[in-house]
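Asker: Sequence:
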Amino acid sequence: MDYNQVADFQLLAYCKEDDVKAYNELFKRYSLKLYKQALRYLAQEEIAEELMLDLLFDLWDKRHTRELTGELGAYLYRCMRNKIVDQRRRAIPPLVKFDETSLSETLIDHRKGDDLVLSADAEDVYRQALDSMSPQRRKVFQLSREEQFTYAEIAQEMNLSVNTVENYVAAALEIFRKRTKEYLTLMSLLFPFFL
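Taking the working numbering, the leading residue of the sequence shown gets 1, the next gets one more, and so forth.
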């Protein structure tokens, strides 16, 4: 049988009958496209390849239980998009919550005067970065980082799409990176022995 002439839905039916050649044909059809999709958003070859292999292995592994009603290509691209979003979400470090009162007491008891000034300046940089954002972007960022909401929870709370929430958080993080870099450059010039 010439598998490269068989439609996706028929290849899936053959896979349910444990036909490895049908699976190999599906792998050949979609592996490069899925890899390129992941690489475009992650820019890391190893991770893109790992996500592609995980997705296609999952297709084989759950061949007896998964029922697909739509087009296989659309399903795979949607699954890959979700894997990319999850991967990017895992790569963003969470902000650590802290009790401001106990932090203040600790700082007063254990830090020198210069350290207190630097900490206050860093807090000012953080607040200025927040203040420079639009109210909606600020709220999305604070829900994500300070309240630990997931992107889906934020999207539901604020009546936005998950993609919009991702874009808001990414833009906010870029603002923080820029402000932090400027602050650290300035502090290294003013206090070269303390940093």
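Think of the hints as simulated: they come from the structure by calculation, not from any bench.
A quick note: this is a predicted structure, and the numbers were derived from the prediction, not measured.
Warning: the hint list may mix true and false statements.
Label pairs and their in silico Cβ distance ranges [said to hold, decoys possible]:
1) Lys36 - Asn163: 29 to 37 Å
2) Asn159 - Ala7: 20 to 28 Å
3) Gln142 - Lys21: 31 to 39 Å
4) Lys181 - Glu71: 44 to 52 Å
5) Tyr126 - Val85: 49 to 57 Å
6) Asn82 - Asp124: 33 to 41 Å
7) Asn24 - Glu123: 54 to 62 Å
8) Asp86 - Glu147: 17 to 25 Å
9) Glu174 - Asn4: 42 to 50 Å
10) Pro135 - Ala74: 20 to 28 Å
11) Leu68 - Ile175: 18 to 26 Å
No more than 35 Å apart at the CA atoms, straight line, and that leaves these computed lysine-lysine pairs for DSBU-like [unchecked claim]:
12) Lys178 - Lys36
13) Lys139 - Lys178
14) Lys16 - Lys62
15) Lys16 - Lys28
16) Lys62 - Lys36
17) Lys181 - Lys139
18) Lys181 - Lys36
19) Lys36 - Lys21
20) Lys16 - Lys36
21) Lys33 - Lys62
22) Lys28 - Lys62
23) Lys62 - Lys21
24) Lys33 - Lys16
25) Lys16 - Lys181
26) Lys21 - Lys33
We treat Cβ as the ideally placed atom computed from N, Cα and C, and that holds for glycine.
Asker: Would you mind marking each hint as holding or not holding in the structure?
Answerer: Hints, one by one, checked against the model:
no.	hint	result
1	Lys36 - Asn163: 29 to 37 Å	20 Å, violated
2	Asn159 - Ala7: 20 to 28 Å	40 Å, violated
3	Gln142 - Lys21: 31 to 39 Å	53 Å, violated
4	Lys181 - Glu71: 44 to 52 Å	45 Å, holds
5	Tyr126 - Val85: 49 to 57 Å	26 Å, violated
6	Asn82 - Asp124: 33 to 41 Å	38 Å, holds
7	Asn24 - Glu123: 54 to 62 Å	57 Å, holds
8	Asp86 - Glu147: 17 to 25 Å	20 Å, holds
9	Glu174 - Asn4: 42 to 50 Å	45 Å, holds
10	Pro135 - Ala74: 20 to 28 Å	36 Å, violated
11	Leu68 - Ile175: 18 to 26 Å	41 Å, violated
12	Lys178 - Lys36	30 Å, holds
13	Lys139 - Lys178	20 Å, holds
14	Lys16 - Lys62	9 Å, holds
15	Lys16 - Lys28	18 Å, holds
16	Lys62 - Lys36	24 Å, holds
17	Lys181 - Lys139	23 Å, holds
18	Lys181 - Lys36	32 Å, holds
19	Lys36 - Lys21	23 Å, holds
20	Lys16 - Lys36	27 Å, holds
21	Lys33 - Lys62	21 Å, holds
22	Lys28 - Lys62	18 Å, holds
23	Lys62 - Lys21	16 Å, holds
24	Lys33 - Lys16	23 Å, holds
25	Lys16 - Lys181	54 Å, violated
26	Lys21 - Lys33	19 Å, holds
Checked against the numbered hints given earlier, the structure breaks hints 1, 2, 3, 5, 10, 11 and 25 and satisfies all the rest.
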